[in-house]
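Required output: the full structure, derived from the provided sequences and hints.
So the sequence lines, in the order shown, correspond to chains E and B.
Per the numbering used here, the very first residue in the first sequence carries number 1; after that it's consecutive.
Per the numbering used here, the very first residue in the second sequence carries number 1; after that it's consecutive.
These aren't lab readings, by the way, just hints derived from the structure by calculation.
Cβ coordinates follow ideal geometry from the N, Cα and C atoms, glycine included.
Hints may contain errors.
[Unchecked claim] Quick list of the computed label-pair ranges, beta carbon to beta carbon: (1) B:V204 with E:Q120: 28 to 36 Å; (2) E:M97 with B:L29: 20 to 28 Å; (3) B:A227 with E:E17: 16 to 24 Å; (4) E:Q120 with B:E16: 46 to 54 Å; (5) B:R30 with E:E17: 30 to 38 Å.
[Said to hold, decoys possible] Quick list of in silico lysine-lysine cross-link-like pairs, DSS-like style, CA-CA up to 27 Å: (6) E:K148 with B:K222; (7) E:K83 with B:K140; (8) B:K140 with E:K148; (9) E:K187 with E:K83; (10) E:K179 with E:K208.
[To be verified] In silico negatives: residues of chain B with every beta carbon more than 10 Å from chain E: (11) A132; (12) L166; (13) G177.
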Amino acid sequence: MPEPIIDFRGVTKRFGEHVVYERMSLSVLPGETLTIIGGSGGGKSVCLKMMIGLLVPDEGQVLFHGTSVPDMPEEGLRQVRRKVAYVFQGGALFDSMTVGENIGYALREHTDWSMARIEQRASECLTMVGLHEGVAEQMPASLSGGMKKRVALARSIAIEPEVILYDEPTTGLDPKNIKRIGDMILKLQRELDVTSVVVTHDMPTARKVSNRIAMLYQRAFPFVGTADEMWHSAAPEVRDFIHGRIRRAEQSAPAHPVDAAEDSRGA
Amino acid sequence: MNGIERFGALVLSGLEWLGGVARLVLRVLRVGPRRPFGFDDILHQTVELGVRSLPIAMLITLFIGMILTWQFGWGLEDFGATMALGNVVSVGLVPELVPSMLAITVGVKMAAGMTAELGSMKVTEQIDAIAALGADPYKKLVWPRVCASTLSLPLLIALGNLIAMLGGMLIAEWKFGVPAGYFYETYIDELEPLNYIASPVKGVTFGALVGAIGCYQGFNTKIGTEAVGAATTDTVAATAIIIIIADFYLNTLFF
Ligand SMILES: Nc1ncnc2c1ncn2[C@@H]1O[C@H](COP(=O)(O)OP(=O)(O)OP(=O)(O)O)[C@@H](O)[C@H]1O
Ligand SMILES: [Mg+2]
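Here is the structure:
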């Protein structure tokens, strides 16, 4: 097994009395796309934030290429964050800047590129996420939710990161854009060898993009494996999870529940 | 017992809060002066904070000058001493009332504005996003704001001193028949070097406190949009209290 890029070892994370993780371990391997699934409020966003030191564990280790992230000096952390891009769940676009300035932020911070070159790169990134170049001049407040999400994506890929952490990148998008984002994650992996961690509730996307799926359940990841392994797993917590999911799908969607989870063709 | 415990908890949380503000100040002093200095951001914030506060600062100081002159004139009239009006009013206004009143009005407004702005950035994860993109939120957000308030408050106070004196002059001449020229002479005459120093020193101190408290409160806003409102309200109270205490302390040093 190759050395993991990101490695959690026996991590415990609490907020006051509330224990989010307890002796949790998880590895992200180079070049893979790892999907994290789990119930709402379970700690998926907290997991991503610990990867780049936005939150620090109370116990255990978080390693990036073998170096402890919480113990890194400022400059080290800065370099990690240059290499690891984070797509925030709510977009987290800077209200006071135009879309173009938002996308160019990391480039202004980490490179000495000219303004023209940065603007050029910003419109490239907009095209990649399926937005018109003219959007660059707009303010984030004037965008729809789905557009904000895609601008946030564009901002994260602008500097060509090694690793991209996607926090629910497809939630709230229409099927066409869900497919586009899925395709983009695959393309970045294949062409630029980007490692990805994707938090999603969307099983079709999970099956489409991931090499492995990690299931968050009761403060740890009891199951990590391929989609097929997950589907055929006999472990009670995995079955619980899948059945919980199917029951929810039955209530909300008329389609046959297994179909909905099986393939993205229906979507 | 319960009452004492609760009082103890209150004191502890107050100390913790002060410690937090102090840590923010230390951190911003460490990252702020590094290259690039961020002059653009500082200038932008100074214009935002200072220039936008000009009209209200002028209005307030004009009235403070008029009110204080009226009050003192009314008191001095009984002794037939209205000619001393300039002497009395100047020592009340220049080192004390203009700086403290401006800090408590305009300064508190600045602090509340910072908390509201940074608090909503915090709630929408924009502050995390700055860090995630490899920049330092203290450098990008706190440093320009603290610089701007530390710079603009003493400047507003300097201007305020001028306007307050004009307000005093107006009332002295119109209400108490003290010639404006004479009022001016006695006004300036009464001021010692210490008064000239106290005013800007207070301005800089209050300005720095305004920036530090406003930003600290914004950065420590809890999750949720209603938390921004709560944090902003707390900022108003905290800034006013801290300014008054700092004012008292500076007075014990100066006079
Ligand atoms: N900064 C914080 N301070 C206090 N509690 C927090 C903080 N961040 C997260 N939590 C808590 O940790 C738990 C996990 O939060 P997290 O945002 O990771 O959930 P999630 O799995 O991403 O959920 P969702 O699918 O709804 O986004 C929640 O109970 C949340 O209230
Ligand atoms: Mg989340």
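Enumerated hints in conflict with the structure, sorted upward: Failing hints, ascending: 1, 11.
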